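All chains should be modelled from the sequences, with the hints used to inform the complete structure.
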Amino acid sequence: MEDSHGRNINYLRVSLTDRCNLRCMYCMPEGKCNQNYVSSKMSIEEIDLIIRIFAEYGVEKVRFTGGEPLIVKDISKIIYNASQVKGIKDISLTTNGIFLKDKIDELKKAGLNRVNVSMDTLKEDKYERITGRSYLKKVKEGIEVCLDKGITPVKINVVLMKGINLDEVDEFIKIAEKMPIDVRFIELMPIGAGTELFKNHFIPYKDIVESHHNLIPEDHRVSSTAELYKSSKGKGRIGFISPLSCNFCSECNRVRLTAEGGIKSCLHGEEEINILSDVRDLLKKYNLSYCDLRESREYSILKKKILGAMYNKPLGHRLSMEGKSRSNKQMFQIGG
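The numbering of the sequence shown is the UniProt record's numbering, which starts it at 1 and goes up by one.
Because the hints were derived from the structure by calculation, they are not lab data.
All of these numbers come straight from a predicted model, not from anything done at the bench.
Idealized CB from N, CA, C, for every residue including glycine.
What you were told as hints is all true, and nothing was included just to trick you.
Mimicking BS3-like on lysine-lysine, the simulated pairs with C-alpha atoms at most 27 Å apart in a straight line are:
1. Lys305 - Lys61
2. Lys138 - Lys126
3. Lys140 - Lys235
Simulated restraints, written as ranges between beta carbons of each label pair:
4. Pro204 - Lys77: 40 to 50 Å
5. Glu171 - Pro204: 19 to 29 Å
6. Glu270 - Lys77: 30 to 40 Å
7. Lys77 - Asp170: 33 to 43 Å
8. Ser4 - Lys149: 35 to 45 Å
9. Lys137 - Ser300: 43 to 53 Å
10. Asn328 - Asp125: 27 to 37 Å
11. Asn214 - Ser296: 51 to 61 Å
12. Tyr286 - Glu171: 53 to 63 Å
13. Glu171 - Lys199: 22 to 32 Å
14. Pro204 - Glu56: 36 to 46 Å
15. Ser224 - Ile273: 19 to 29 Å
16. Arg129 - Asp207: 20 to 30 Å
17. Asp292 - Asn328: 31 to 41 Å
Below, the structure written as structure tokens:
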């Protein structure tokens, strides 16, 4: 469906949990983050119902995020259910990759199409500095297994930070040259714990492009968050996600569902519409099949609430003007 600004909203990001097994310096740093986790995450049935309603309004793509989604016990069942929803054509996952090696077979069987792996460095000591943990070997093994299983291209998300991992740009580009991997450099955002790092460690993506003349720009794809480039000898691609220096708000096609059951139509906006209590009341009252639920008055009210959140999606954020996010939540609470 189209929102009030004429954008086709067809992409839903679902945060399954705000818990994580890493303590990344820009997201959930050890001892510096308010870690008030939700007491009860959404159930399989609740997630399934919400995705079905979004699909009725034209959502075709679903990405499961966190926190870290692979620590959720029933994730394979959740993915399978989503794959059975009429209209859903693409199911993807953003993960830190620690459990990928062990779980990729069941995830693929359940219906997972694509994987994004967050990996901000290729060096063991630096990985521990950034994440507070020493799991880099497991992450690399998970990426290798995904490639072996034919889940390509794998996308590697790299949050670029001046003075921390900027010196590894060339090494990441070489990975995209040698393997069917898309490396996506993400600008550090002034949201949550990242706000503190932003002043000293932010670097605009154009600084990287201008210093790497071997990167050939590809045609821009509508609704893509990344400006894509390719090396003349590359198997994969290089992407730059730049919400500050070159935002993509005018083409944004996504809304987010937090682990607390709130709809955020803009990552950096204040607005959030909580629908979890409505969903729980509906399922508790009727305890019927999805077809029967659709006939109820409460179902109609819930649909209108979701429609309103999609239709009234803001035109854009004010990151570049205000220098910080307006979101009242931190990134791990919203979903990456």
